[in-house]
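Novice: Mind docking these for me? Both chains are given alone in their own frames, and the hints should help you get the complex.
Listed here are the chains, written in short residue letters.
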Amino acid sequence: MQPMRKYLSSAWQALFGDPVRAFGVVSLILLLALAIAPAKEHFSQWHSFQRKYLALIHDRGDAVSLRRRFVPGIHQIWLPELGVVDRCTTCHLGLNESSLSDVGQQPFRKHPVVPHPLDGFGCVICHGGQGQATTVAEAHHSERAGEDPILPTRYIESGCGQCHQNSLLGTPQLNLGRTLLARYGCVHCHAITRPDGSKVEATDHPPSLAHVADKSTREWIFSWLKDPQAYAASTTMPNYKLSDGDASDISAYLVSSSKPQAGDSAAPSAKPTVAADPSAGPSLYGESFCASCHAVQNSAGNLVGGDLGPELTRIGNKAKPEWLAAWLENPRIYDATTLMPQYRFTPQQITILVAFLQAKTDSDYGSGVHLDAASPQQIAHGRKLIVELGCAACHEINGVQKPENFAPELSTIGSKPLAQIVFLPGMEHTMSSYIVAKIHEPRVFGPSVKMPQFALTASQTDALTTALLALTNRSRTMPDNLRVAATPETNYQPAGHAGKLINELACFSCHRFNGRGGDMAPDLTWEGSSVQRQWLTDFLHNPNTLRPSLIRRMPRFNLSDSDNKELTDYILAVYQSPAIDADLAPLATSPPDVVEHGRQLFYSKYACQACHIVDTKTDKGYIGPTLTQVGSRLTPAWVYAWLKNPQALRPGTTEPNQNLSNDDARALTAFLMSQKGPGGRGAKQ
Amino acid sequence: MMRRLSASMTIGISGALALLSFASLAGCKHSAPANAGLKATAQGTALVESSGGHQVGVTGTALKDPLVVQVNDDHGTAVPGALVEFHGTAGVSFDPAAVLTDSSGQATTSVTLGAIAARYDLSAVTPGKVKPVSLEIVETALGYQERVGSILADKYCNRCHDPESSPERVSNYDNLEVKPHQFTEGNTLNKMSDADLTSIILHGGPALNRSALMPPYGNTLGAADVKALIAYTRAVSDPPYQPPGTVYARK
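Residue numbers (the working numbering), protein chains in the order written: chain S, 1476 to 2160; chain X, 507 to 757.
Just chain X, with the same shape it has in the complex (with noise of 0.2 Å):
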C-alpha cells in the first residue's frame, strides 16, 4: 500500500514538475502573440542586415544602437509593410518582437540582451512570397569580468589598438610604425594562449620577440586587470576564441 501510494504521489509530483516546465518553457516563447495586431501588406524575398548587428553591450542591458534590418524583393529593392519578427535564446528581448518594414523597408527593434554572458545568436524573419526568409545576427553581452577588461581597454589600449578616431580621441594607430592587432582579430589572436597574452602585456612587446612600440603595463596593471582584459579580448574576437578544453585523465 505504502508503494502504492508513494508511486502515485511521484507520478502526480513529476506530472506537476513537467506542467511547471512546460509553462516555463511556454512563458519563454514571448515572441509568438506579439504580431497578433500586425497585418502585412506586402511579402519580400530576402532580409539583410542594415545597422545595429556586431554590437558589444552588457549582460541584461539594452543595446546602445537599435537593430535594423531590411526586407528587399527579387530585385534588391526595399519592400515597405513586410512582417518581420525577431527571435532570440531565452533572456533576449525585443522591443518590439515583431514590425512592419517602414516606407524604406526597413525594421527597427531595441534588442536587450540575456543575464549570461555570451555570444547572442539572435535571428529576424519575415514570412516571404513561397517560404520564411531568415537572417542571423550575432551581438555580445559582456559579464562584469569582460566589461572591466572593455574599461579598461578604452583607458590604455585602444588609443593604439582601435584605428577609429571620435572627436573625442583620436586613434594613434596610423603614427606607429609596427601597427597593433585589433582586439576583435580572432585569427591571430586566439592563436596565442592566455599566457602568451599576459606576458606581453605585463612585459611589453619584447617578451614575445615584437616590437617595443607596445609598453609593458606590468606594474601599471594588476593581476585580476590582465585576466580582465584577456577575457574580453576573448569575447569580442571575431571568429569566436575556442578555449582550450580541460584534459581528463582517462575513467
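So that you can see chain S by itself, here it is in the shape it has in the complex (with noise of 0.2 Å):
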C-alpha cells in the first residue's frame, strides 16, 4: 500500500507539481480528447473505401467528371415511404458509373442494368442487410435480434416480389416460387394472406376422401401412404413417413368412413370387346386427347403428358374398374369440381377405355401388402392420427373437420426475427438457409414437428423460398400505391343451359374466359367475335387442330346436335368484343385486284409465309396458325383488328404489331379472307 501512495503522490508531483507543467499537461489531454472524434473518422473503414476510390479513379480517362460526381463523407438514401436509410453508396460508390462497367474490384463495381434508379429504390429493398450500418461486418453479416445478414444472390427475386404482387417477365423463379405455394397445397396448411387482405388460394385440387373406398382397395390407399411418390413420382403429396402400423391404421378409418356413391359400383353395361381390337384403346386415348392432361412414364422413365390431372402410370393399380367406368361417364358424380370433362363416351368406348386403363398396372407395385382386417381401436387411431396429421386440411373426410390455421401463418415469414427461430447445429443463420432447410427436410428440426416431406428439386426449393422471402413486413406497411396489385381470378361463370354444358365440358379448365381458367388453349372471351357460326359447329363436333406443331389439343366431345347448337349461339352472342367493327363484313368480297394486293404484301412486304402456311405446296411458316381456310374460320372484323393490333385483342401474343396502313390491313384482309379452304367457296383457281 505504501509504495503504491509513493509513486502516485510522485507521480502527480511530476505531472501537476508546477503550474507551468501542469498547464502543458492539461492542454495536451484536452488536445487529445478533441482528436479522438477526427481520428476516428479518419481510420474509420468507409473513409478508406473512399480514399481507395479517388486513387482508383484518379488514372482512369474520365477521372475528372468521375471525381466531380464524387462526393466525401457519409452518403445516405433516405426513403421513409420504404422504411429504407441506407448508406451502402458511402463505400459502393460506382454504382451509378456507368464507366465503371470494366471495374470487377468491390465495392466500386458499377450495379448491373435493373428496372429502377438505385436512388428510388435503396439497397437492402432487394439486398437485405444493415443499411445504417457503415462497417462492412455490421452492414453485411450482422445477425442480431431483428437484423439480417445479405441476401444470397440466388433469392435476390423476392425483393420485387414486396411491391409487385403480380407475375413479372423478370422474375421467373418468384413467378415458379408463387405458383407451387399454390401447386403443392402450402396454404391449407399455412395461411397466407397478401398485402392487400386476399389470400392464397391453393390449386391442387386435393381429391375428396369421403367416398374413396368405392375408388381404391384399403392395400393401395396403404402404399400410397407410406411413399406416394413410389406410386406417381410426380405427384404432389407429401411423405409422411408413417410407420407401418400408423399408415394400416388411417387406411383402415378412411376405408370404413367411406360413403358408397350411388353408380360407382355397379358393371360395366357394355360386354369387353376388347379382345377383338387391342389397338382400340390406345386409339381412343389418344383421340381424347388424354395426354394433354394426364402424364404416364414411358420406358426411359421420363413422364409425357400434361400435369392437370393425375399421372395414370400406374392407374390400374389404384381405381378400380366399376369406379373408373363411373367417372368417365361422368366425373362429376363423384367430384363436382373436377378439372376433368364429361366426355360423353358411349358405353361401349367406356369399356375400352377402362380396359386400356387397368393395364396400366404394375405387378410388383404393392404386392406385399396384405392387411388383416382392422379392430375398432385401430379404426379410432387412424382417425386421431388423422387429426393430429392434418389430413382433413386437405382432403374431405368423413367424420373429420377441416382444421382451421392448421400450421403456422406464413403471411410475413420474410421478416421473422432470426432470434425467434432455432437454428440447427452448424447451419448458417440466415433466414434464406433456414427456410430451404425447412422444405428440404422438416423432421431433422425435431421429432415434434408434422410437416410432412415434400418431394421437390433444388430449384423448386430456392423458388419457394423465394417466394416466401418476399412475405415481408414492409410489403405490408409501405403505402397502398407502391403496391403493384396481383390480377385475381374472376369468378365468372356463365349462364343458362350453355353455361351448365361449359362447366360439364370443363372448359375452364384449359380456356379462359373473361380473367378465369387455364392456360393451356386460346382465351375465349372474344370468341364470339372472331369466329364465323359454320366453322365454330363444325369444330366442336370434331376439333381439327390449328397448329400443327402443338402437342396439347382439344378432345373431340361427343355432343349432340342440340348441344352443339346451344353452345355455338351461346359463344357467338355473348363472347364479343366491343372494339370489332362488324361493318367491316363487305371485305369478306372483295375485288381481284385487292385480293391480288393482299397476296403480294402478304408474300413480299410482310413475308407473313415465314409464320403461316396460306399454300401447303410453297409455305412452310408453322408458327402461328395454318391459315388455308382462314376465311371460312375468322370474321373479316376480327382479321382486319387483329391484323391492325394483336395484342390489344390477345395480350402477349407472339405476332408483331407491324403497324400497318388502312390500306395494307384492308388488302391482307381481303387476301385472308378468299382462302377458303378445300372446296371452300371463292378459294382462287
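Where hints are given, some of them may not hold.
[Claimed, not checked] Here are the simulated distance ranges between beta carbons:
# : chain 1 : residue 1 : chain 2 : residue 2 : range
1 : X       : A730      : S       : Q1551     : 39 to 45 Å
2 : S       : K1925     : X       : G582      : 53 to 59 Å
3 : S       : N2017     : X       : A730      : 44 to 50 Å
4 : X       : A730      : S       : S1774     : 42 to 48 Å
5 : S       : M1902     : X       : G543      : 20 to 26 Å
6 : X       : A730      : S       : N2019     : 39 to 45 Å
7 : S       : Q1551     : X       : T694      : 46 to 52 Å
8 : S       : T1821     : X       : P572      : 47 to 53 Å
[To be verified] Below, computed lysine-lysine pairings styled on DSS-like, alpha-carbon distance capped at 25 Å:
#  : chain 1 : residue 1 : chain 2 : residue 2
9  : X       : K685      : S       : K2092
10 : X       : K733      : S       : K1585
11 : S       : K1925     : S       : K1913
12 : S       : K1913     : X       : K570
13 : S       : K2080     : X       : K685
14 : S       : K2095     : X       : K685
15 : S       : K1515     : S       : K1481
16 : S       : K2095     : X       : K570
17 : S       : K2119     : X       : K661
Honestly, the hints are just simulated from the structure, not real lab data.
The C-beta atom is built at its ideal place from N, Cα and C for all residues, glycine as well.
Specialist: Right under this line is the structure:
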C-alpha cells in the first residue's frame, strides 16, 4: 500500500507539481480528447474505401468527371415510405458510374442494369443487410435480433415480390415459387394473406376421400400413404414417413368412414369386346387427348403428357374398374369441382378405355401388402392420426372436420426475427437457409414436427424460398400506391344451359373466359367476334388442330346436335368484343385486284409465310396457325382488327404489331378472307 | 508525440486491415482442403470435357446440368479413380470441389456461378503422371437484364433463330428461305453495332437491307426490352463480344 501511494504522489508531483507543467499536461489531454472524433473518422472503414476509390479513378480517362461526381463523407438514401435508410453508397461509390463497368473490384463495381433507379429504391429492399451500418461486418453479416445478413443472390427476386404481387417477366423464380405455394397446397395448412388482404388460394385440388373405398382398395391406400412418389413420381402429395402400423390404421379409418356412392360399383353395361381389337384402347386414349392433361411414364422413365390431372402410369393399381367406368361416364358425380371434362363417351368406349387403363398396372407395386381386418381400436387410432397430421386440411374426410389455421401463418415469414428461430447446429444463421432446410427436410428440426416431406427439386425449393422471403413486413407497411396488385382470378360463371355445358365439358380447365380459367388453350373471351358460325359448329363436333406443331390439343366431345347448337349460339352471342367493328363485313367479298394486292403484301412486304401457311405447296412456316381456310374460319372484322394490333385483342400474343396502314390491312384481310380452304367457295383457281 | 502516436496507429490499423484482407483472400480459396479425404488410385495424362460446358445460367444459382469431365491416359482410355479438382474465380462454388473419377473415368460436379453477370473461366485439374493437367471450361451467368433478354428471346425470337427443336417447341429455322443468325454467332453479330441490332429489331430485316422474314418488333417490344435482347445476345456470343471502349479526350 505504502509504495503505491508514494508512487502516485510522485507522479502527481511530476505532472502537476509546477503550475506551468500542469497547464501543459492539461492542454495535452484536452488536445488528445479533441482529436478522438476526427481520428475515428479518419481511420474509419468507409473513409479508407473512399480513399481507395479516389486512387482507383485517379488514372482513368474520365477521372475529372468521376471526381466531380464524387462527394466525400457519409452518403444516405432515405425513403421513409419504404422504411429505407441506406448508407451503402458511402462505400459502394461506383454503382451509378457506367464508365466503371469494367471494374471488377468491390465495393466499386457498377450496379447491373435493373428496371428501377437505385436512388429511388435503396439497397436493402432487394439485398437485405443493415442499411444504416457503416462498417462492412455490420452491414453485411450482422445477425443480431431483428437484423438480417445480406441475402444470397439466388433469392434476389424476393425483393421484387414485396411490391409486385403480380407475375413479372423478369422474375421467373419468384413466379415459379408463387405457383408452387399454390400447387403444392402449402396454403391448405399455412395461411398466407397478401398485403392487400386477399388470400393465396391453393390450386392443387386434393381429392375428397368421402367415397374413397369406391375408388381404391385399402391396400392401395396403405402403399400410397407409405410413399406417394413410389406410385406416381409427379404427385404433389408429401410423404408423412408413417410407420406400417400408422399407415394401416389411417387406411382402415378412411375405408371404414367412406360412404358408397350410387353408380360407382355398378358393373359396366357394355360387354367387353376389347380382345377383338387391341389398338382400340390406345387410339381412343390418343383421340381423346387424355395426354394433354395426364402424364404416363415411358420406358425411359420420363413423364410424357400434361400435369393438370394425375399421372396414370399405374392407374390400374389404384382405381377399381367399376369406379373408373362411373368416373369416365360423369366425373362430376364423384367430384363436383374436378377439372376433368365429361366426354359423353358411349358405353362401348367406356369399356374400351377402362380395359386400357386397367392394363396400366405395375404387378410389383404393393404386392407385399396384406392387411388384416382392422379392429375398432385401430380405426379409432387411425382417426386420431388423421386429426393430428391434419389430413383434413387438404382432403374432405367423413367424420373429421377441416382444421382451421393448422400450421403457422406465413404472411410475414420473410421478416421473422432471427432471434425467434431455432437453428440447427452448424446451420448458417439466415432466414433463407432456415426456410430451405425446413422445406428440404422438415423432420430434422425435431420429432414433433408434423410437416411432411415434399418431393421437391433443389431449384423448386429455391423458388419457394424466394416467394416466402418476399412476404415481409415492409410489403405490408408501404403505402398502397407503391404496390402493384396481383390480378385475381374472377369468379365468372356463364349462365343457362350453355353455362352448364361449359362446366360439364370443363372448358375452364384449359381456356380462359373473362379472367377465369386455364392457360393451356386460347383465351375465348372474344371468340364470338372472332369465328364464323359454321366453322365453330364443325369444330365443336370434330376439333381439328390449327397449329400443327402443338402437342396439347382440344379433345373431341360427343356433343349432341342440340348441345352443339346451344354452345355455338352462346359463344357467338356472348363472347363479343366491343372493339371489333362489324361494318367490315364487305371485306369478305373484295374485287380480285385488292385480293391480289393483299397476296403480294403477304408474301413480299410482310413475309407472313415465315410463320403462317396459306399455300401448303410453297409455305412452310408453322409458328402461327395455318391459314389455308382462314376465310371460312374467322370474321373479316376480326382479321382486320388483329392485323392492326394483335396485342390489343390477345395480350402477350407472339405476332408482332406491324403498324399496318389501313389500306394494307384491308388488302391483307381481303386476301386472307379469300382463303376458304379445299372445296370452299371463292377459293382461288 | 502526436505524430508518433498517429503513425503507430496507422501502422497498427493498416496491419490489421492487411491481416483482414489476407484472411478474406484465404477464405476465397475454398477448394484447398476439399480433397483432404480423397485418395487417388490412378493418374491420367489428359482431361477432356464430357458435358456441362458452355452453359448459360443465372447469377448466384446452380447451373442446370452438372459439369462432367473425363480423365484419359496416353491411349485415350478412361482412367477411373483419378483425382480431379475444380477451380473458379471468387464467387464460384463446386459441389463437390474435388472428386475421384468413377468407373467410366468421369468426374461430375454441380457448379454455382458467382453473383456477377459475366463469362466465367473455370478449370478442372488432375495431378497427372508427370505434371498436373488442366482443362479450361467456360460458363456464362446472366444478370437481370440479360435474363429478361433470354426470356424475350425464347418468346419472340428462338422459334426461328434457334435451329434446335424440342417436343414442346418445334423450330421454324428449317422452314425459312433465308436462314436467321443464331444469337451465339459472334463472328457475325459482334460486327453489328448496338444501333444496327436495335434498328433491325425495331424495324425488321428490310431496315438493314435484309430479309423481310424478320418482322419489325418496334410496336410490340419496348425500349428496355430491346436493350435486354441486345445485352443477352452480347452475353452469349461466341467468340465473346468486346464492347467498343469509351473514347476520352486527351488529358
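Novice: The structure should be examined with respect to each hint, and the outcome stated for every one.
Specialist: Evaluation of the provided hints:
no.	hint	verdict
1	X/A730 x S/Q1551: 39 to 45 Å	28 Å, violated
2	S/K1925 x X/G582: 53 to 59 Å	56 Å, holds
3	S/N2017 x X/A730: 44 to 50 Å	45 Å, holds
4	X/A730 x S/S1774: 42 to 48 Å	46 Å, holds
5	S/M1902 x X/G543: 20 to 26 Å	22 Å, holds
6	X/A730 x S/N2019: 39 to 45 Å	40 Å, holds
7	S/Q1551 x X/T694: 46 to 52 Å	48 Å, holds
8	S/T1821 x X/P572: 47 to 53 Å	51 Å, holds
9	X/K685 x S/K2092	20 Å, holds
10	X/K733 x S/K1585	17 Å, holds
11	S/K1925 x S/K1913	12 Å, holds
12	S/K1913 x X/K570	23 Å, holds
13	S/K2080 x X/K685	18 Å, holds
14	S/K2095 x X/K685	13 Å, holds
15	S/K1515 x S/K1481	37 Å, violated
16	S/K2095 x X/K570	33 Å, violated
17	S/K2119 x X/K661	21 Å, holds
Figure legend: structure checked against the earlier numbered hints; hints not met, in rising order: 1, 15, 16.
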